[in-house]
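*Asks:* Okay, here's what each chain looks like letter by letter:
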Amino acid sequence: MSEQARVILEVKGVTKHFGGVRAVTDLSFDIREHEVVGLIGPNGAGKSTAVNVISGFSAPDAGVIRFDGTEIQGWPAHNVAARGLVRTFQSAREWARLTVMDNMLIAANQEGRDTVWKALFARRALKAAEERDRVRARDLLRQFDLYALRDEYAGNLSGGQKRLLEFARVAMMAPRMVLWDEPLAGVNPRLQGNILNAIKSLNQSGITMMLIEHNLPFVESACDRNVVMAEGTNIAVGLMPELRQNRAVIDAYLGEVAANV
Amino acid sequence: MSTYLESLIVLAAILSLLTLGLNVRWGWAGEFDLAYYATVAMGAYFGSVVILPKYSGPAHLGYILGLNQPFLVAMVAAGILGGVASLIIGFFALRNLRGDYLSIATVAFAIVSWQVLAQDPNLFDGFNGVYGMPQPFESVLKLGPDAYALFFFVMCVVLFLITYVILEMLYRSPFGRTLRAIREDEYAAAAFGRNVFVNKLKAYVIGGVVAGVGGCLFAVYLADWNPYVWAPIETFLIYGAIFIGGQANQRGITLGAIILLVTIPEVTRFMPNIPGHADLFPALRDILSAILVILVLRFRPQGLIPEVHPRDPGDGQAAVAGSVANV
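Protein chains in written order, with my numbering: chain D, 1 to 261; chain G, 1 to 327.
In short, the hints are calculated from the structure, not lab data.
Worth double-checking, as some hints may not be accurate.
[Stated by the list, open to error] One side of the interface only, derived from the structure: several residues of chain D facing chain G at Cβ under 8 angstroms:
hint : residue
1    : Gly74
2    : Arg87
3    : Arg134
4    : Arg142
5    : Gly159
No residue lacks a Cβ here, since even glycine has one placed at the ideal position from N, Cα and C.
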């Protein structure tokens with residue numbers, strides 16, 4: 001990854017406290033275009049809170065979040081998403097009583113198509129646009145091995161298939177950047193290779209990524225570099241081999257055993 | 001057609017129309033709203049005082065407005081009022097309240113509005129209510145009673161069909177799909193760029209417009225609207241019709257309304273009176289309704305005609321390809 005690539009996400013001095021709980025304190029890091037960055041750290045380090053704050057699901061108490069040149073701190077989640085920054089959740093959060101195909105059509109960028117007015121007075125244009133979305137959705141579903149299940153209710157899929165659907169939905173949306181919150185949670189070991197391939201393929205299509213994950217071999221093969229968080233703030237940045245030598249990272253997260261592997 | 005059957009179909013059309021409005025809120029957007037029948041009542045009262053002439057009775061009673069306008073004007077006004085009232089209620093209730101809390105806030109609104117409308121003698125004549133609304137277009141058409149009944153029958157069915165078709169267009173559109181996504185998981189909907197609050201509010205207002213129009217029609221049909229014909233509890237019967245028919249399926253919901261809101265009351269109405277137990281059959285109506293709802297929820301929770309399961313025609317190519325996830 002070239003060091004000259006443009007910074008797409010800049011997090012500076014972000015702080016979020018809940019009552020007396022200091023979930024995130026003075027968190028700062030940069031992510032450049034086309035990078036895949038791991039966000040790792042012990043449980044309770046504030047990783048999920050960081051994702052919530054960046055994606056607009058909660059407002060920071062202080063700090064600046066700049067995405068693609070625009071300050072987005074405090075924006076509601078749908079505006080952040082419309083700007084091209086999508087996040088996922090620790091559980092797959094499929095729209096259960098909608099079909100796999102409908103899940104894909106909702107994930108597609110609507111460009112203001114889902115209005116009452118257009119539903120009544122622009123039906124032909126909507127139909128044409130939906131047909132284009134369907135063609136793309138079928139291709140993506142085929143890539144993620146879900147094509148045969150496209151008419152199934154998403155709630156009926158297995159845990160691993162729900163994860164794949166999540167990736168397909170993100171691909172359908174084609175955002176500029178994704179924040180993955182533990183993409184391997186609930187995924188069996190055999191499927192983990194598929195998830196890794198999916199991440200790499202989405203990245204190659206030009207999508208920048210940050211991912212929270214505890215599976216360190218996975219993080220090592222997926223990420224260009226890692227931000228380590230502990231007690232709500234960033235304590236180190238770098239590649240896994242460097243981090244294994246870093247005293248602060250060993251003490252806070254890796255422990256002696258993992259560091260010596 | 002027999003007059004009795006005609007009047008049953010009129011009742012079915014009106015009550016089904018009302019049920020379709022709540023279905024937008026609950027069936028599409030997943031808002032468990034308990035203020036629905038209060039919105040219906042607002043439409044009924046407001047439409048009535050737009051139709052009625054200026055009040056001319058004892059000074060300590062009375063109703064507002066009394067505009068002496070034709071039915072169509074009243075119906076449009078009632079629809080607008082239902083929409084505006086829902087916009088205001090929804091703005092506060094939907095902004096930060098989800099699930100149970102929305103239900104609690106809306107049931108509180110329903111109870112408060114019932115008390116205010118029933119107790120205030122100068123708003124809509126308190127417990128007397130509004131009555132004597134002339135039948136729509138009767139003075140213009142100058143038909144005989146049978147011909148007029150047929151006209152009213154056709155008018156109700158047409159109004160129901162118009163509502164049904166417009167709502168079906170919305171349900172099948174990207175807007176309808178956005179609402180269903182919010183119903184299923186509003187966090188994921190927000191993560192994929194949907195404004196959850198604004199879309200929920202839209203569903204709430206659309207439901208309110210239908211409630212207002214339907215309420216006006218219902219009041220004119222009954223020619224009488226007072227606190228005894230509407231109570232916050234009526235909302236639950238409409239929910240019962242949705243549960244029985246099938247959430248989010250308009251055909252199912254029409255069937256549910258016909259079964260629960262028309263057939264059961266009619267069947268129990270014609271049972272013979274048992275001396276000394278005059279309350280038995282009215283009570284039986286409620287008991288039967290409750291049993292039916294419970295049976296459906298137990299054995300067919302998706303309703304008699306479940307939500308339409310869309311099928312994608314596919315593109316005729318093989319399901320398996322050199323897939324990214326399988327390399």
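*Asks:* Each hint: holds or not?
*Replies:* Results of checking the hints against the structure:
{"no.": "1", "hint": "Gly74", "verdict": "violated, 15 angstroms"}
{"no.": "2", "hint": "Arg87", "verdict": "holds, 5 angstroms"}
{"no.": "3", "hint": "Arg134", "verdict": "holds, 7 angstroms"}
{"no.": "4", "hint": "Arg142", "verdict": "holds, 5 angstroms"}
{"no.": "5", "hint": "Gly159", "verdict": "violated, 15 angstroms"}
Violated hints, listed in ascending order, are 1, 5; each of the other numbered hints is respected by the structure.
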